[in-house]
Amino acid sequence: MIDAGVRVRTDENVHPEVVSSLRAEGKDIRNVKEDRWTRMEDVTIISRAEEEQRIIVTHDRDFGQRLIPQARVNVGFMYLRPDHIDPRFTIETLQALFQYDRPDPPFIVGAERQKQRVNVRIRTLS
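So for the sequence shown, our numbering puts the first residue at 1; every next one is plus one.
Just so you know, not all the hints are guaranteed correct.
Across the chosen pairs, the derived CB separations fall in these ranges [what the hints assert, rightly or not]: (1) D35 / R88: 35 to 45 Å; (2) Q53 / K115: 30 to 40 Å; (3) Q53 / R123: 19 to 29 Å; (4) G110 / E52: 17 to 27 Å; (5) D42 / F89: 34 to 44 Å; (6) R36 / K115: 17 to 27 Å; (7) Q53 / Q116: 31 to 41 Å; (8) Q116 / V43: 29 to 39 Å; (9) Q114 / R39: 30 to 40 Å.
Honestly, the hints are just simulated from the structure, not real lab data. The beta carbon of each residue, even a glycine, is placed where N, CA and C say it ideally should be.
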């Protein structure tokens, strides 16, 4: 899912350890907190992610869902269930997602990890 050529923007609710771990693996990661975008509206973050050609990774279920019907969105969203707040759990879930082929944006990938199994739903929005 996130290969060497994919650029990622993590939402403010993604733990810094997740960002550091993905960077250590060579992923191109930018974080909302690091860039001081924490008070920015979601629609602005989406717009900037589109400009940067980055997929958004978030624990916030409403992040893309409430904005997508309002406008043409050309970005990918990876939604990790909120119970994945533990950094190791999140990293392991993302690593499982790496095994999937990345759909063309716009898309939403939902992932829920239960013990060693990751349930993935991929929905294209075009």
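Structure-based check of each hint:
1. D35 / R88: 35 to 45 Å: Check failed, 24 Å falls outside 35 to 45 Å.
2. Q53 / K115: 30 to 40 Å: Hint holds: Cβ distance 34 Å, inside 30 to 40 Å.
3. Q53 / R123: 19 to 29 Å: Distance hint for Q53, R123 holds at roughly 20 Å.
4. G110 / E52: 17 to 27 Å: Because 23 Å falls inside the window, the suggested range holds.
5. D42 / F89: 34 to 44 Å: Check failed, 24 Å falls outside 34 to 44 Å.
6. R36 / K115: 17 to 27 Å: This hint is violated: roughly 37 Å between Cβ atoms.
7. Q53 / Q116: 31 to 41 Å: holds (33 Å)
8. Q116 / V43: 29 to 39 Å: holds (37 Å)
9. Q114 / R39: 30 to 40 Å: holds (34 Å)
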